[in-house]
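> Using the hints provided, position chains W and L relative to the given structure of chain C.
Protein chains in written order, with this note's numbering: chain C, 1 to 312; chain W, 313 to 569; chain L, 570 to 860.
Just so you know, not all the hints are guaranteed correct.
Away from chain W, derived, C-beta distances all over 10 Å, residues of chain C [stated by the list, open to error]:
no.	residue
1	Tyr10
2	Ala228
3	Ile254
4	Gly268
In silico EDC-like pairs for lysine to aspartate or glutamate, Cα to Cα no more than 16 Å straight-line [stated by the list, open to error]:
no.	chain 1	residue 1	chain 2	residue 2
5	C	Lys171	W	Asp539
6	L	Lys704	L	Glu571
7	W	Lys387	C	Glu185
8	W	Lys330	W	Glu370
9	C	Lys290	W	Glu405
10	C	Lys296	W	Glu460
11	W	Lys512	W	Glu343
12	C	Lys171	W	Glu405
13	W	Lys463	C	Asp184
14	W	Lys330	W	Asp539
15	W	Lys404	C	Glu185
16	C	Lys171	W	Asp459
17	W	Lys404	C	Asp115
18	C	Lys296	W	Glu405
19	C	Lys296	W	Asp459
20	L	Lys601	C	Asp115
21	C	Lys171	C	Asp300
Just so you know, the hints here were simulated from the structure itself, not pulled from any lab data.
Where a beta carbon is used, it is the ideal one built from N, C-alpha and C, also for glycine.
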Amino acid sequence: MKKSKVFWSYLALALVIYAVVQFLISGNMVSYASQNMLITMCINIMLAVSLHVVIGITGQFSIGHAGFLAVGAYISAICTMKLGMPFVTAILIGAVVAALAGLLVGIPSLRLKGDYLAIATLGFAEIIRIVFLNIDYVGGAAGMQVTHQSTWTYAFFGVFITILVISNFTKSRHGRACIAVREDEIAADAMGINTTYYKVIAFAIGSFFAGVAGAIYAHNFYIIQPTAFGFLKSFDILIFVVLGGLGSLSGSVIAAIFLTAISTYLQGFPETRMIIYSLVLILVMLYRPKGLMGTKEITDLFKFGKKGGTRI
Amino acid sequence: MSALLKVENLGIQFGGLKAVQNVNLQMNQGELIGLIGPNGAGKTTTFNMLTGVYAPTEGKVLFDGKSIGGLDPYKVTRQGISRTFQNIRLFKELSVLDNVKVANHGLAKHNVLSSIFRLPSHFSGEVKMEEESLAFLKIFGLEGFRDELAKNLPYGMQRRLEIARALAAGPKLLLLDEPAAGMNPQETHDLMELISFVRKEFNLTILLIEHDMNLVMGICERIYVLDHGQLIADGTPAEIRSNPKVIEAYLGEEVTE
Amino acid sequence: MEWIQQLVNGISLGSIYALIALGYTMVYGIIKLINFAHGDVFMLGAFIGFFAIARWEMNVFLALILAMALCAIIGVIIERVAYKRLRNATRIAALITAIGVSLLIEYTVIFFRGASPAAYPTVFETSNFEILGVKISTQSILILSVSIFLMVLLQFIVHKTKIGKAMRAVSHDADAAKLMGINVDNTISATFAIGSALAGAAGVIFGIYYTRIDPLMGVLPGIKAFIAAVLGGIGIIPGAMVGGLVLGVVETIVSALGYSLWRDAAAFVILILILIIRPSGIFGKNAREKV
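Here chain C stands alone, though its shape is the one from the complex:
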């Protein structure tokens, strides 16, 4: 199998990246700010890739992804801060609860399409945020103190597992079923695909990894507040996916890396950052509505007319 060779080389590349950065960090050669940027980058990649499953693969236009991020963040923070659990357990519990929230949102939203679905997911995310705002146990509007536990290792392996799972899912009959739903729901249904099931699965997988991202996010910033999970955050995540190319996993990863770097450098000028963001968004939609990568993957660019490689 040619493909497993490719897989092992990706794995090796990932481990090299991890080891080099980890070596630099342990040698104190990476400033605290840059370390922080790397972790933020990882969080954003996880968010982008997890939303990619919902929008890019399954074509369900969700603009409330920050809601699931909030669930992961708050639940994991409760686990570590209030219940004294280890971080890894907290990440898992946060992710599972976020996935359940995804199911909860996914099931009633299934009857909706396009614009209506978008507005409904936005509504759900706002409701989730307002619920946290009103629970005194998690600090209400003032927010909740969380100890700093996220490290490069957690962030990196979070990204690694997210990409591995989602790319495995996509390259299987289940992923094809989701793409079929995106392309033409009525035809997919007529071809024997349980469209409801796959929409719910996509929501659940997407929110699971948004939950992982939330857990790492919560333990990286000392404090979490409901205001951090408003629809501006959802739009931020949406921008990664749209800019990278609806349907392209590597595109959303590249967009997340690129935009995180830009926003880090524009940290002192938040308005300028938002103006640039919004202009880029409008221009990309007007002149390249499929995003920078379209549905292509970066690996497609290296296949010089190679044909018949079995994708399993």
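Then chains W and L, alone, in the frame of chain C:
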């Protein structure tokens, strides 16, 4: 011969409008039957009721002895009824091979977790899907285009791919909605031969909507005629051709070879 | 008696939602776009009114008219520059562009004047008068009369004028309208102009009533006005008015019951319930996809 499909008093109402009413059909195993009628007669609406896209408001659909009226489309497909669409509905951004694989989906067994964790059942399941799908592409002469995106195929091939895709879902009954629409006579002729071939090869029962009278009269054993949502005639091509009601329904449209 | 007062407050808030919702519903009816930037036009209207009254010392009604006129122009510019090219694009691309335009307006305003709120000048002495023991402020009465006047005017425009007829024709079937010799582009621009003018008016009224405006003030009322439009049945003008009023009254009641922090959630819960139970809205008809 037992009835594979039995439709009794089927009807549907949209708002106050009775789009189709009192339709009775019977199809025996292995038959090739035509469904014709002027534009707006309710042919596609009938297809949509048989395949679960619309839930009928009246009547029964019995398939293989089981009632399937009002079932979700994907469940109907898994019972063994598969279809093509009048206005081609391929998955445009998927490759030709993947289009067929999508339809093969219902016949595979490996679940989501086995794919995520790449368990052995994932690999064996995917290999089987690929082999079966490629076999269909071969029959339809599309194996050379396996990696082409469906939207890049020429029109006639898109129509063939739709039939290949419908077959990959493993149907006993195949519903073809104007498969020859927009084709030239040569393409239509080739298509007729292909339909006859797959019918024998897969032991299929076929219900065909078609405007091309040559095609319908040439290959169908029996024909049902719909007009204004009601069945007005059924019989052999010869009987239909001389039926005054049918001639009146087509009013001016020639029902000749 | 306190309840009747709350009801009056709710209707005042609701009439502001209704004015914004009208623009949403008209634009959606005609080009099937959720114009996310509509809430920001409302914000711009509030600021134009603010400058007109506080800096240029204009009369309130002149300020209102100025805000409406400038917002109409802004609406048309947004449509011509950003949305016009997207007529045949996917719905997702159109929606994302609208989000982009919305963010662009908000942060451009913040860039030039900062995010701090501004205090609206007092234009009317707040005096209350009593009817049957219910205290009603003159402001509520004013807001209601202006809103009702504008809605009646809109009904007149839509049903009795040539441009109104064109708008209804285009929203019914743009291609057929084109064949009938209607200038579709101008009709769409007119729809944006009218909708944006109403949002501008709502902005000024909001400023006078709530006295506090800021560059992000349009976000929530914008989304809520959209909810009002969905509630009433999107694309249906009386639906937007009723939806706005219902939403305003419900929110005021939720606040009055002591759950003011849950007020925003109430709107979203209404949205989700209506989408699930009756997605076509109170006055809407069901449409099905052709197969």
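> It remains to establish, for every hint, whether it holds in the given structure.
Going down the list of hints, with the structure as the test:
no.: 1; hint: Tyr10; verdict: holds, 14 Å
no.: 2; hint: Ala228; verdict: holds, 30 Å
no.: 3; hint: Ile254; verdict: holds, 20 Å
no.: 4; hint: Gly268; verdict: holds, 41 Å
no.: 5; hint: C/Lys171 to W/Asp539; verdict: violated, 47 Å
no.: 6; hint: L/Lys704 to L/Glu571; verdict: holds, 9 Å
no.: 7; hint: W/Lys387 to C/Glu185; verdict: holds, 15 Å
no.: 8; hint: W/Lys330 to W/Glu370; verdict: holds, 10 Å
no.: 9; hint: C/Lys290 to W/Glu405; verdict: holds, 12 Å
no.: 10; hint: C/Lys296 to W/Glu460; verdict: holds, 14 Å
no.: 11; hint: W/Lys512 to W/Glu343; verdict: holds, 10 Å
no.: 12; hint: C/Lys171 to W/Glu405; verdict: holds, 15 Å
no.: 13; hint: W/Lys463 to C/Asp184; verdict: holds, 13 Å
no.: 14; hint: W/Lys330 to W/Asp539; verdict: holds, 12 Å
no.: 15; hint: W/Lys404 to C/Glu185; verdict: holds, 12 Å
no.: 16; hint: C/Lys171 to W/Asp459; verdict: holds, 15 Å
no.: 17; hint: W/Lys404 to C/Asp115; verdict: violated, 22 Å
no.: 18; hint: C/Lys296 to W/Glu405; verdict: holds, 10 Å
no.: 19; hint: C/Lys296 to W/Asp459; verdict: holds, 14 Å
no.: 20; hint: L/Lys601 to C/Asp115; verdict: holds, 9 Å
no.: 21; hint: C/Lys171 to C/Asp300; verdict: holds, 14 Å
Checked against the numbered hints listed earlier, the structure breaks hints 5, 17; every other hint is satisfied.
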